[in-house]
Amino acid sequence: MKIAAAQLTTSYDKKKNLDKALIYIAKAKEKKVNLIVFPETFMAFIPRNAIVKRSDIAEPIDGSFVKTLAAAAKKHRIHIICGIYESKLGEKERVYNTIVFLDDKGEHIHSYRKTHLYDAFSYNESQNVIPGNNGFTPIKTVLGTIGILVCYELRFPEISRTLALQGADILIVPTAWVNGFMKETHLMTLSQARALENTVFVCIADQVGNIYAGCSVIYDPMGAVMSSKREDEGLIFSDIDIDQIHAIRKRLPCLKQRHPELYKLD
Numbered sequence: 010m011k012i013a014a015a016q017l018t019t020s021y022d023k024k025k026n027l028d029k030a031l032i033y034i035a036k037a038k039e040k041k042v043n044l045i046v047f048p049e050t051f052m053a054f055i056p057r058n059a060i061v062k063r064s065d066i067a068e069p070i071d072g073s074f075v076k077t078l079a080a081a082a083k084k085h086r087i088h089i090i091c092g093i094y095e096s097k098l099g100e101k102e103r104v105y106n107t108i109v110f111l112d113d114k115g116e117h118i119h120s121y122r123k124t125h126l127y128d129a130f131s132y133n134e135s136q137n138v139i140p141g142n143n144g145f146t147p148i149k150t151v152l153g154t155i156g157i158l159v160c161y162e163l164r165f166p167e168i169s170r171t172l173a174l175q176g177a178d179i180l181i182v183p184t185a186w187v188n189g190f191m192k193e194t195h196l197m198t199l200s201q202a203r204a205l206e207n208t209v210f211v212c213i214a215d216q217v218g219n220i221y222a223g224c225s226v227i228y229d230p231m232g233a234v235m236s237s238k239r240e241d242e243g244l245i246f247s248d249i250d251i252d253q254i255h256a257i258r259k260r261l262p263c264l265k266q267r268h269p270e271l272y273k274l275d
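Residue numbers 10 to 275, in the numbering used here, belong to the letters of the sequence shown in order.
In the SDA-like style, the derived pairs of lysine to any residue whose C-alpha atoms are separated by at most 25 Å in a straight line are:
hint: 1; residue 1: Lys38; residue 2: Val234
hint: 2; residue 1: Lys11; residue 2: Val234
hint: 3; residue 1: Lys38; residue 2: Ser237
hint: 4; residue 1: Lys101; residue 2: Ile70
hint: 5; residue 1: Lys62; residue 2: Pro140
hint: 6; residue 1: Lys38; residue 2: Gly115
hint: 7; residue 1: Lys11; residue 2: Asp113
hint: 8; residue 1: Lys83; residue 2: Thr150
hint: 9; residue 1: Lys41; residue 2: Thr150
hint: 10; residue 1: Lys114; residue 2: Asn43
hint: 11; residue 1: Lys62; residue 2: Ser20
hint: 12; residue 1: Lys36; residue 2: Glu240
hint: 13; residue 1: Lys149; residue 2: Ile118
hint: 14; residue 1: Lys24; residue 2: Ser73
hint: 15; residue 1: Lys25; residue 2: Lys62
hint: 16; residue 1: Lys38; residue 2: Lys149
hint: 17; residue 1: Lys11; residue 2: Arg258
The following label-pair restraints were derived from C-beta to C-beta distances:
hint: 18; residue 1: Tyr21; residue 2: Gln136; range: 16 to 22 Å
hint: 19; residue 1: Asn142; residue 2: Ile118; range: 17 to 23 Å
hint: 20; residue 1: Ala80; residue 2: Asp241; range: 27 to 33 Å
hint: 21; residue 1: Lys62; residue 2: Val234; range: 34 to 40 Å
hint: 22; residue 1: Glu270; residue 2: Thr18; range: 47 to 53 Å
hint: 23; residue 1: Val234; residue 2: Thr146; range: 24 to 30 Å
hint: 24; residue 1: Thr77; residue 2: Glu242; range: 18 to 24 Å
hint: 25; residue 1: Gly189; residue 2: Val151; range: 35 to 41 Å
hint: 26; residue 1: Asn143; residue 2: Lys76; range: 19 to 25 Å
hint: 27; residue 1: Lys62; residue 2: Glu270; range: 46 to 52 Å
hint: 28; residue 1: Ser237; residue 2: Ser73; range: 29 to 35 Å
hint: 29; residue 1: Asn133; residue 2: Ala233; range: 32 to 38 Å
hint: 30; residue 1: Gly189; residue 2: Thr77; range: 32 to 38 Å
hint: 31; residue 1: Gly189; residue 2: Ala59; range: 18 to 24 Å
Honestly, the hints are just simulated from the structure, not real lab data. Just so it is clear, CB atoms sit at the ideal spot from N, CA and C, and this is done for glycine as well.
Given only the sequences and the hints, what does the whole structure look like? Please build it.
Here it is, written out as structure tokens:
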């Protein structure tokens, strides 16, 4: 499987962002990519003091934004993962922070609503976002078994471990990682740790520009950097060999050596 992470700058203009996505989908296909990953909330950038609300931008899963991406997936025969603002019927103020997964036939095969919201570092995501209540189950695809978590959720190792124990080969992590003191270091350290401790591939597709760090990276199951990008827009690529996981786990069988009976809390 060849994977691409799109590190891009978004604006409040939903159509402009969608047009940019279509350009990068075509670029990825030229490189024979099987799966392209866009960042968290790629649909639109909404500053803190914006007059426009997320609920003004949000759409249902079957709205025009996702339908356009689905048409591109079918046209280019490529899988797409992308972050959107998903509307909720009857909710006027808050939205879901949702990741949609489209297969290479343009079918919507999975969506994940962010559950652990970014209420930290003086930011209050839950003011504008409804937490999802979906569990963490990886998706079996023709490309491999894929687990999805979002941005801040990297700080909760239980999520990645739960996905890995259920057979995830690669963890896809769309992010809009807010920059700041030590924040870039946090992102790189956490994502590398999630790869190494679970012996899985990890793909970070981060927003860049505006208030975001732009630290997109792909790690192998030993925590080695396969591809990365810092400050500019563009795609990063990696060839993912699932058999590498099995080879590494023969030498480093951490998951098999766990003692869950000792980890229980009173």
